[in-house]
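K.L.:
Below are the chains, spelled out letter by letter.
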Amino acid sequence: MPALADAVRDEAALRRFLRGLPGVDQVGLERRAATLATRSIKKESKLRAIDLAISMIDLTTLEGADTPGRVRSLCAQAIRPDSGYPDAGPVAAVCVYPDLAGIAAERLRGTGIGVASVATAFPSGRSSRAVKLADTALAVEAGAGEIDMVIDRGAWLSGRYGQVFDEIVAVKQACGPAHLKVILETGELAGYDDVRRASWLALLAGADVIKTSTGKVSPAATLPVVQVMLQAVRDWHRLTGERRGVKAAGGIRAAKDAIRHLVAVNEVAGPQWLTPELFRFGASSLLGDLLRQRRAQREGRYPATNRIGGVV
Amino acid sequence: MSDAWTYAPAPESAALANLRPVYRPFVDGEFVDGAGEPLKTVNPATEEVLAEVGTASPADVDRAVAAARRAQETVWGAMTGAERAKHLFRIARIVAERARELAVLETLDNGKPIRESRDVDVPTASAHLFHHAGWADKLAYAGVGPDPRPLGVVGAVIPWNFPLLMAVWKIAPALACGNTIVLKPAETTPLSALVLAEIAAEAGLPPGVLNVLPGAGDVGAALVAHDGLDKVAFTGSTSVGKGIQRLLAGTGRRLTLELGGKAANIVYDDAPLDQAVEGVVDGIFFNQGHVCCAGSRLLVQESVAEEFAELLLARIATLRVGDPLDKNTDVGAINSRAQLDRIVDLAAVGDAEGAQRWTSPCPLPARGLFFPPTVFSGVEQTMRVAREEIFGPVLSVLTFRTPAEAVAKATDTPYGLSAGVWTDKGSKALWTAQRMRAGVVWANTFNRFDPASPFGGFGESGFGREGGRVGLAAYLA
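Residue numbers (this note's numbering), protein chains in the order written: chain H, 1 to 312; chain F, 1 to 477.
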């Protein structure tokens, strides 16, 4: 693997570096994902996995119809997800649009739960650099400690890697102390090789976390895509000694899917990544299923969904 | 996380195997008392006896061959292909229906992980039966002439690494083509073939069409030497195969041999490295390396050798070695004490020859026959670990600089069963594949089997093909 400092010298160097990354064989990748999915996680390891997954959730609402009231309800759920079991949760963060970040920040103050805000003309990323930076600043000022930006897929797909890189660097700067998650929107990229290149570009540009999807495009997070991104952060650590994170967002609704992702994190990146600092789930309905499974493990039967309650 | 997340044991229930205390030879449609000395078959993961198995004497071999001859001449050979197909379809379906039982039985008797017997051995066996059932009434289109005839009676001797699958690889084409068969399963793994005989009887297969004679090497020797046979099909070691070929020379009896291997997995610097790592791991640690086509020699291009080794060893260290019945076990037990001794001895030779041994830090079970995943680096072409088939979870790593050197090293072996090529460049994969001297060359994958794809060897790996149209030719005149 070429030296990383040289890779970002100019656009030509960046292009050479990204094109020089080892290819991804689709058949082999998907086969490994299928094998990982056969792991049988039962009993106490399932309980641990459920609690781990809950602690990694960015509880998300990203609707045009979001209101301050809905965000407050979501925050209450984030703090204590299951009123019957105070030991459940909390989740890692609440993820909202920038104009509602202030509401979330107010409600979550002192809880240790993060406030994440999407920014940069989410979800399409179709606006000017100035608007995207202003969007980011708005979220940060409102109290967001984590910014989920989208890459400019139009620029990426037409080969303007330098433009995508510069934009991430600029947004990172606008974030200040806030953590930056870079959404690749893998469902719009040109296959697994492209996911690997975009992952590396984001890491080189300073992403703290690389994230699969906005949740607005299908397919979103899949095991093979997450595997490629986990390989990227694993290799980044191998070369720099620094651990960056991955966020699987969109499409993960069942506890079983979440546990399969944890298996992938454990076996592809390594057990050091099994922490909310380095792996997140971006999800809204996943929490409900995790809580049902959590109760089922304790009570021996599945509770009705209205037994636990929740916003979604 | 304060402490590590571990996978709780997830054992499949051994009771599913429906083990019986005694198993007996299957001759002429019935389970009979063999006149040979009974053997005890052992679970290699615990070294506990699973069951007592009756074995055949030379007289039993005579009876089985005579029954097979009678069945071939009076019933099976005269039956239309469409009728034979019905029998095979029924057997295939029952194998699929009893998949869980067969998988657990195979894992208990052989030591392979339940994940492999469940996801590979049993479904592949069922698929092989289905595929050949479909051929039974279409043999005129198999490409061996307009009116192909069965050979007659087949004697088959199979190894212990894939007991059910190897049985089916012999039985399915033999029966589809109108032959009858006498099968000798391996001494250490006779159970699944005997349950397969039970399934055949349940499916209504006429008596004598399939006969199963458990026993040691002496039963196999008596069978392959029997002058009532028209064809011998053997899968096993090269030395035994050579002996059989000597024995059959000049008798006019047909012979196919599927013998040992020392396959090379060639990883070019433009390979999809992460998937190549998976393929190399699968190539040598699948079934504890008890695979004749195992990719036991890794040839990696020098320019990526260091990075590849780093990725490979990190991946191998995540392999879970342990209870074969645990659904999360990746590498199971070595099949027998004798095989474990052989692996230990050959690994010691690797040390003595100056190769550097790396052993996976994985924990091993306190009892049972286990050997940790092992990699020898700094291996040279002349070393025994690069030349001899170890038949265990031991990988030898060699490097090369140019494609020509890769080809020269890969083919510098008397064996020629399989090879693997890893590159993102299609033309290079084809260039390399054309220069391999091996029955199967996999590109960007390894250890993939399909009933339609012929499998077989070259040089000291044997001759004849199993699977596909070409495989049918071995059972037709």
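Derived from the structure by calculation, the hints contain no laboratory data.
Treat each hint with caution, since some may be false.
As the list claims (entries may be wrong) - Mimicking DMTMM-like on lysine to aspartate or glutamate, the simulated pairs with C-alpha atoms at most 25 Å apart in a straight line are:
1) F:Lys-425 - H:Asp-194
2) F:Lys-327 - H:Glu-267
3) H:Lys-43 - F:Asp-119
4) F:Lys-428 - F:Glu-302
5) F:Lys-409 - F:Asp-341
6) F:Lys-40 - F:Glu-187
7) H:Lys-43 - H:Asp-194
8) F:Lys-327 - H:Glu-44
9) H:Lys-42 - F:Glu-101
10) F:Lys-428 - H:Asp-194
K.L.:
Run the distance test for Lys-409 of chain F versus Asp-341 of chain F: straight-line Cα separation, threshold 25 Å.
P.N.:
violated, 28 Å
K.L.:
Does the structure keep Lys-425 of chain F and Asp-194 of chain H at a Cα separation of 25 Å or less?
P.N.:
OK: Lys-425 of chain F and Asp-194 of chain H at ~17 Å, within 25 Å.
K.L.:
Holds or violated: Lys-428 of chain F with Glu-302 of chain F, Cα cutoff 25 Å?
P.N.:
holds, 17 Å
K.L.:
Lys-40 of chain F and Glu-187 of chain F were given as a pair; does the straight-line alpha-carbon distance stay at or below 25 Å?
P.N.:
holds, 9 Å
K.L.:
Need the status of pair Lys-327 of chain F, Glu-44 of chain H: alpha-carbon distance at most 25 Å?
P.N.:
holds, 16 Å
K.L.:
Within a Cα-Cα threshold of 25 Å, do Lys-42 of chain H and Glu-101 of chain F meet the stated pairing?
P.N.:
holds, 22 Å
K.L.:
With a cut-off of 25 Å on the C-alpha distance, tell me whether Lys-43 of chain H and Asp-194 of chain H pass.
P.N.:
The given pair, whose Cα atoms are some 38 Å apart, is violated under the 25 Å limit.
K.L.:
Please verify whether Lys-428 of chain F and Asp-194 of chain H have alpha carbons no more than 25 Å apart.
P.N.:
Given that 25 Å is the threshold and the Cα spacing comes to 23 Å, the pair holds.
K.L.:
Please verify whether Lys-327 of chain F and Glu-267 of chain H have alpha carbons no more than 25 Å apart.
P.N.:
Within the cut-off at roughly 16 Å; holds.
K.L.:
Straight-line Cα separation of Lys-43 of chain H and Asp-119 of chain F no greater than 25 Å?
P.N.:
holds, 23 Å
The structure is inconsistent with the numbered hints 5 and 7, although it conforms to all the rest.
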